[in-house]
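Undergrad: Got two chains here, separate frames each, mind docking them using the hints?
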Amino acid sequence: MPIEILMPALSPTMEEGTLAKWLVKEGDEVTSGDVIAEIETDKATMEVEAVEEGRIGKILIGEGTEGVKVNVPIAVLLEDGEDAAAITTSAAPAPGQESSGGGAPEAAPVEPAPAAAPAPTATPAPQPVASVPAADTEIPAGTEIVSMTVREALRDAMAEEMRSDDAVFVMGEEVAEYQGAYKVTQGLLDEFGGRRVIDTPITEHGFTGVGVGAAFGKLKPIVEFMTFNFAMQAIDHIINSAAKTLYMSGGQMGCSIVFRGPNGAASRVGAQHSQDYSAWYSAVPGLKVIAPHTAADAKGLLKSAIRDPNPVIFLENEILYGQTFDVPVLDDWTVPIGKAKIVREGSDVTLVSFSHGMSYALDAADQLAQEGISAEVIDLRTLRPMDTDTILASVRKTNRIVTVEEGWPTCGIGSEIAAVVVAQAFDHLDAPPTRVSGKDVPMPYAANLEKLALPSVQDVVDAAKSVCYAG
Amino acid sequence: MAADKKPAATKAAERSRKSKRAAPEKSIEFTPEQELAAYKEMLLIRRFEEKAGQMYGMGMIGGFCHLYIGQEAVVIGLQMAIGEGDQLITSYRDHGHMLAAGMEPRGVMAELTGRRNGYSRGKGGSMHMFSREKNFYGGHGIVAAQVPLGTGLAFSNKYNGTDRVSLTFFGEGATNQGQVYESFNIASLWKLPVVYVIENNRYAMGTAVTRAAAKSEELYNRGSVYGIPGEQVDGMDVRAVKAAGDKAVAHCRAGNGPMILEMMTYRYRGHSMSDPAKYRTKEEVQKMRQEHDPIEQVRARLIGSNAASEDELKGIDKDIRAVVAEAAEYAQNDPEPDASELWTDILVDA
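Chains as they are written, first to last, in the working numbering: chain E, 1 to 471; chain A, 1 to 350.
Chain A on its own, in the form it takes in the complex (with noise of 0.2 Å):
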């Protein structure tokens, strides 16, 4: 089968890639100031994310609830390479993106609980919020709805002749929808500034990629028959993930329509509470802990390099913790909505 055969630039390509996830290059290497916001951006969503998933076990958050834990490189490694105005939009796993984008703690935390101040008024919930005023489209709970959507935010910054970048985040089991690849020929035909970020965390649900999707091991070239260039990236790794989002933004600003990051990423906990992944094991999620943690990685590299101590850091996290704390505080002090918001916000006054 010509298939199985690729060419010797396809390979030289893939050694490049991998290469680069092994050695990061020295353009890609932090300032310590860098480094430390970094770290303390993941940790609040690692930290916000284990006391969500504590108050879901206390029943004071209901229905569905997708942690982010595990991939908290790949959101804040993007925040970085983005600037003011470039747009945020993705699925139902969003408490992370949320609070990348800057949206308070407490009112995420109060739409978990669903109460009155959450960010939509307790009518949303876990996958549906969303922030105007810090360019959060949601938020989505249809498996690729976004994509189009995202699609669609890049397209209104065409029309308006900006240079912002719309970022649209989708699963890799979202790579499997039609709705992705409509998106991808009008993108590229119409030379749309979307970033199309597969966080790849290898199982949709509980579905391996691997018994999913056919070339599973490169998604990245999923928008190649459209002319949409494709990276693989190390997603646990936010100084890989900040050069590629530089590269792919720039790429979108400069008018030359879409680009695909593949984020090669890992979820630590079910796909939602109720999950208790027995597709994978217990080895597995323990390795990936151990020596690939986005925020370990950076600790390291700040304890190792002297730019901050045990102490410093201990004191970050201690400052976390108390921010989050406050959040769960409120979210359960806050009230619920008010009966009457059963009927407002369905039309828009004319």
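Isolated chain E, as found in the complex (with noise of 0.2 Å):
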């Protein structure tokens, strides 16, 4: 029976990829190991091996072939005897469409990766901000705007600052000659040198503590970590040395340092990749903690905590990476740290989040006023200093909240901001505060658990219509 070549996950994020060329073409005999084609996806180009042995009976995608899905079959296989009248597959969708799905996961011999599961949220695709109703103040009317990734804007926020201060510089693992494990500092080496973006041996602790030195001695150091998760094998540092020694000092020794990168679940990799921090951080005097979740926020956010002349944490989001957003175009956009920003405005509940958890909370929104229920939203951008005025003045309008965090529930983010709002607004609420979180469980691997674990986009409208007595 012909077997169905699929295109494969190379990243546990990946939802598609170009189908960059192809190294055989139809008739060609190929074995197990063959490089059959190459694929690139918004982080690396990558070889795609044949394995099983047969002939190439019929190209579905031709090279070249932008935003091929995940699963959707893209070559068939022919065993020996077999020729290609037997290809009976119906499944070549137009390329960028769905996959029909019909019987990927049996029918799918041909993977170099394992079956890609959809990703855990509800809205993987990338959203354009165009559907933001509220009135963006912060950048100037007739500003050029242009469509970027958070990744790029995030490059793109380091290689400004670095070429306005020679003090800034960018280290951690694989951030120069790889070019970043998940490719947000792409093309820096090239710009700036050795000497200003270095590769750091895997050495969190270490490395870690010698960026807080180089701060110490006025440099001001990026310290990229792989993910937050791996930054708890230096968190003394962050804490100890890098937080606390202001206070200590009696102002004496500033520290103008960020530590950055992805925090919080990605896709399918288990409890020790997933965890989110944003509570942990934001407990602790002495730091800036910021998580943004558009791109033009991403790239305003990351150049005002460079220039900051305290020690920043910069929670960044995996999924989010390749997601596209407005950006204006301007010469030098910041956004101001401890702002944060109403993206839609509403008059019936108040729903607060922040990094990946807007995307919930946006879909929810829309949702609700589907309903007849007029959610406001309000995007968190900075954890700590926390803009409680914005979220209080809502409150008072609306007389209902609802927290969306990933995090865990128990003293998290939510627990906060449900803290502050009942005592200084209690009088205005209608109903109780209400927590839209994680679940308080380690994240599971399999995909049915892991999207339990997760807060969803009905967990949002069931809690903002629960406080709204909507039933």
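Heads up, a few of these hints could be off.
[Unchecked claim] Pair ranges (Cβ atoms, derived):
| hint | chain 1 | residue 1 | chain 2 | residue 2 | range |
| --- | --- | --- | --- | --- | --- |
| 1 | A | LYS215 | E | ALA419 | 47 to 55 Å |
| 2 | A | LEU189 | E | ALA419 | 43 to 51 Å |
| 3 | A | GLY161 | E | ALA393 | 47 to 55 Å |
[Claimed, not checked] Calculated pairs, DSS-like style, for lysine-lysine (alpha carbon to alpha carbon, straight line, at most 25 Å):
| hint | chain 1 | residue 1 | chain 2 | residue 2 |
| --- | --- | --- | --- | --- |
| 4 | E | LYS21 | E | LYS69 |
| 5 | A | LYS314 | A | LYS51 |
| 6 | A | LYS191 | E | LYS218 |
| 7 | A | LYS40 | A | LYS247 |
| 8 | E | LYS218 | A | LYS134 |
| 9 | E | LYS21 | E | LYS58 |
[Unchecked claim] Chain E regions said to be covered by chain A (calculated; three or more residues, Cβ under 8 Å):
| hint | stretch |
| --- | --- |
| 10 | 245-252 |
| 11 | 280-290 |
Hint data in this document are derived by calculation from the structure and do not stem from the laboratory.
It should be emphasised that the depicted structure is a prediction, and the values quoted were computed from it without experimental measurement.
Beta carbons: idealized from backbone N, C-alpha and C, even for Gly.
TA: Put into structure tokens, the structure is as follows:
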């Protein structure tokens, strides 16, 4: 029976890619291990190997095709004695469309990577911010807008600050020659050279201490963690050395440093690679903590973070890296630290979130609108210092609040917001503040369990309806 | 076991190190001026620490207080080896380093008493003082945390293209921490100008080095797998310390990367003020005091060579006691920090 070769998932969060090149043509015999094609993701170009013997019966997706979804058949392999007439597949959807999914897992013996599960979020596709109705007062009228991924925005922020200040440098694992484990530092080595774009050994405790020491020496390091999960090895230097020394020195020892990298759940990477540290770092005096959602905020806030004379924790999100947003074209686009943003105005309930949690909140607001509930959506952007004024003003208007985060519920960001709202806007509340969060469990691996462990759009909709007493 | 059989070269090196300690080479001899300077500096630390101990007993100093008595030659010998702009960073046993760096005794003492004119405005205490002006970078309370931090200071020197050197002090107890080896690896890989100074005072709190460290007799060798040269030095002889410091600092300035100096020293007092030091005999302490005291050694040479008279040395002691008494007086009369200081210095205004 002919075997379908499917578009492989080449990373935990890959949803689509470009079929850059076919290295075989119809009629070629292949054996397992032969490189048959090259696929470009937003992170890298990867070779695809055949894992079965046979003859290429038909190439379904031409080379150069962009936006080929994972698990879409890209070619058909014929076994001995079969001919092209045996190809009955109709599963050759136009590129960029969802796979029919018909029998994909069983009929997918040619897969270099495990079958990709759908991303845990209900909103995996890039979201244009054009759907956001709130007027953006931060961008001057008439400013040119470009479409850009969060990944590119972060890279541009670092490059711009490195151009303007020689004291700024970036260090971390794979930031230089490999161009970044998630390609956030792509191109920086070429532009700035090895003095300022520095590959470290895998030694978080050590290189974080070195970074803090360099900051004591008046440099402005950007320390990249491949993920914040690995920063647990280094948390002593982040808290005890970076955050506390200014105070312990009576104001003498400033420490201008940015710790950045992906935080929280990605997709199917298990408990040790999926933790959200938002609440941990937000608990520490002496730190600033930023967790942006959009590319414009990622760029503007990272530039502000690099210039800030204090230690700043900059929490990125792997799923957001590849998402595209509008970014203003300005010589020096910065976003102030400590200012939340109302990204959607509403009157019935306030939804407060940050980072990838915003994806759920915005989709929930759309859904609630269809059911006649007007939700105001606040993107915190900075977690510490938290812009509680914006939250409180909104609650005084809507009288209801739902917080949304991917992290754990106990002592979480939502717990803090609930405490603030109860203490300072108690008389305005028509319902108890309600938290939507990740579940109180280590992150499971199984696709269904992981989905259950994370918040969903439906969770947010249900919580909002509950505080509105709308069933 | 092959490990037990040392190569001849290693044995010879050990002999040479030992002989170096027993009979210092001519080249490390001090001029009378150097002897006198070292004497004064070490005596200031000794008298300051004695006063701090006394004030702790009176309840004027709170919390933890780790005295440097017995180890004075280490920091003074190295201070004589470095130049303007070289940085110092150490652990919580830091009073001696601050005085050696030229920080004011009254400012240090006022911090010990938790007063507003202490170096950290009363917010750091014994373990946490700093002076950018004097290139003293703390004062760190987590064992070995200063090692990567000092390595980072060396990184900034190299990044900025200066020839300054970071002197990173830590106890022999810290040499078992993982971050020390992460630092060794990075410093050697990137050829950073850092002198790692192991102050081997034999006891990590109450644990003898032989009970805590494998191959404890050669901690200077702990960087060898990273290609970092190391030397064991008689840390009770200020001349030997300076000579080793000269060599290590020159090694770093020349762009050769890090170097390790293991200073064999001894603390007379307990780990902190609350330590009765039951883990060692009184005789052991007494023997070190009588036979190896770093200040007495210099004093004997000054008298023996007629470079100074008993009366002159008494005069010096009197002057130093006066400085320390003034610092203690100041530290007791300086007001506590204003309550508003609770909320300052958490963040730098952006």
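Undergrad: Each hint: holds or not?
TA: The hints, checked one at a time:
no.: 1; hint: A:LYS215 to E:ALA419: 47 to 55 Å; verdict: 54 Å, holds
no.: 2; hint: A:LEU189 to E:ALA419: 43 to 51 Å; verdict: 47 Å, holds
no.: 3; hint: A:GLY161 to E:ALA393: 47 to 55 Å; verdict: 51 Å, holds
no.: 4; hint: E:LYS21 to E:LYS69; verdict: 16 Å, holds
no.: 5; hint: A:LYS314 to A:LYS51; verdict: 18 Å, holds
no.: 6; hint: A:LYS191 to E:LYS218; verdict: 20 Å, holds
no.: 7; hint: A:LYS40 to A:LYS247; verdict: 24 Å, holds
no.: 8; hint: E:LYS218 to A:LYS134; verdict: 15 Å, holds
no.: 9; hint: E:LYS21 to E:LYS58; verdict: 15 Å, holds
no.: 10; hint: 245-252; verdict: holds (count 8)
no.: 11; hint: 280-290; verdict: holds (count 3)
Of the numbered hints listed earlier, not one is contradicted by the structure.
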